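K.L.:
Sequence:
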Amino acid sequence: MNRNEIEEIKRLLDGCTDDQRAEIFTYLRPYCHMHPLEAKLGVPAETILEAIARGSDLTLRGVKGMIAELSFKTHVLDKLQQWTYQPLVGDYPYDFLVDDGAGAVKLQVKMQRSEKQAPSRYKSGMYKVEVQKTRGGVDKLTKEKTRPYRFGEFDVLVVSLHASTGRWDSFLYTVSRWLIPSKSDPRIIQTFQPVGAARNSDWTDNLDAAVGWFRSDIRKTICTE
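Under numbering that gives the first Met the number 0, read the sequence shown as residues 0 to 224, first letter to last.
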């Protein structure tokens with residue numbers, strides 16, 4: 000089949016009704032694999048998506064978290080030519096290790112917290128982000144809980160603003176050492192942190208600016224209002 004014939008098929012499809020296109024899609028679907036995961040799991044993408052849709056809120060939250068990480072890579076990291084990063088193999092307390100030639104920076108990606116399909120807010124009006132690991136546990140030596148993050152485990156917090164903006168390319172950044180410490184242990188980052196609706200003196204929408212804050216060694220704590 001030549002290019003002209005392919006273009007003619009596209010033209011005919013453009014003139015079809017939605018029902019007709021759906022019938023043609025159903026016919027073509029066995030010949031088209033949307034993602035290698037279909038072969039790995041042995042089921043079509045539609046079944047995988049339906050399984051996710053039937054999952055609990057916790058399952059959906061985990062999927063959204065993975066989408067946020069991939070979206071950050073696609074919309075931010077892949078467009079910054081001066082930065083390099085390598086895929087992480089293993090369990091790390093950060094999602095990306097990036098380097099612009101001036102030193103490596105550890106980035107942790109989290110999502111604005113949402114409840115009942117709406118972004119969570121403090122009484123002050125600021126949004127919330129949940130800063131703790133997905134899986135819990137206890138350190139065999141120290142007997143301390145391993146789910147909370149400790150200061151120094153990552154350098155910059157990346158917050159996806161999808162819950163409030165509906166966009167997967169919208170992010171805010173702050174320095175991890177500026178986050179509010181736990182009241183019970185100043186070494187631990189408090190689980191819930193306030194996030195502004197837009198950039199301010201604590202949060203920026205520019206990764207380079209956030210890295211600059213981190214490297215400046217400025218010491219402070221983000222505002223709660």
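Honestly, the hints are just simulated from the structure, not real lab data.
Since this is a predicted model, take the numbers as computed values, not measurements.
C-beta atoms are modelled at their ideal positions from N, C-alpha and C, and glycine is treated no differently.
There may be inaccurate statements among the hints.
Cut-off 16 Å, straight-line C-alpha distance, at most; resulting in silico cross-link-like pairs (EDC-like, lysine to aspartate or glutamate) [claimed, not checked]:
| # | residue 1 | residue 2 |
| --- | --- | --- |
| 1 | Lys109 | Glu22 |
| 2 | Lys78 | Asp168 |
| 3 | Lys127 | Glu224 |
| 4 | Lys78 | Glu68 |
| 5 | Lys127 | Glu114 |
| 6 | Lys105 | Asp90 |
| 7 | Lys78 | Glu224 |
| 8 | Lys63 | Asp94 |
| 9 | Lys63 | Asp168 |
| 10 | Lys109 | Glu129 |
| 11 | Lys132 | Asp98 |
| 12 | Lys122 | Glu224 |
| 13 | Lys78 | Asp56 |
| 14 | Lys63 | Asp99 |
So the derived label-pair ranges between C-beta atoms look like this [said to hold, decoys possible]:
| # | residue 1 | residue 2 | range |
| --- | --- | --- | --- |
| 15 | Met0 | Leu48 | 42 to 50 Å |
| 16 | Phe191 | Glu7 | 25 to 33 Å |
| 17 | Gly89 | Ser215 | 24 to 32 Å |
| 18 | Leu69 | Phe24 | 19 to 27 Å |
| 19 | Thr73 | Arg10 | 49 to 57 Å |
| 20 | Ser215 | Glu6 | 22 to 30 Å |
K.L.:
Against the structure, test the hints numbered earlier, and report the numbers of the ones violated in rising order.
P.N.:
1, 7, 11, 13, 14, 15, 16, 19 and 20
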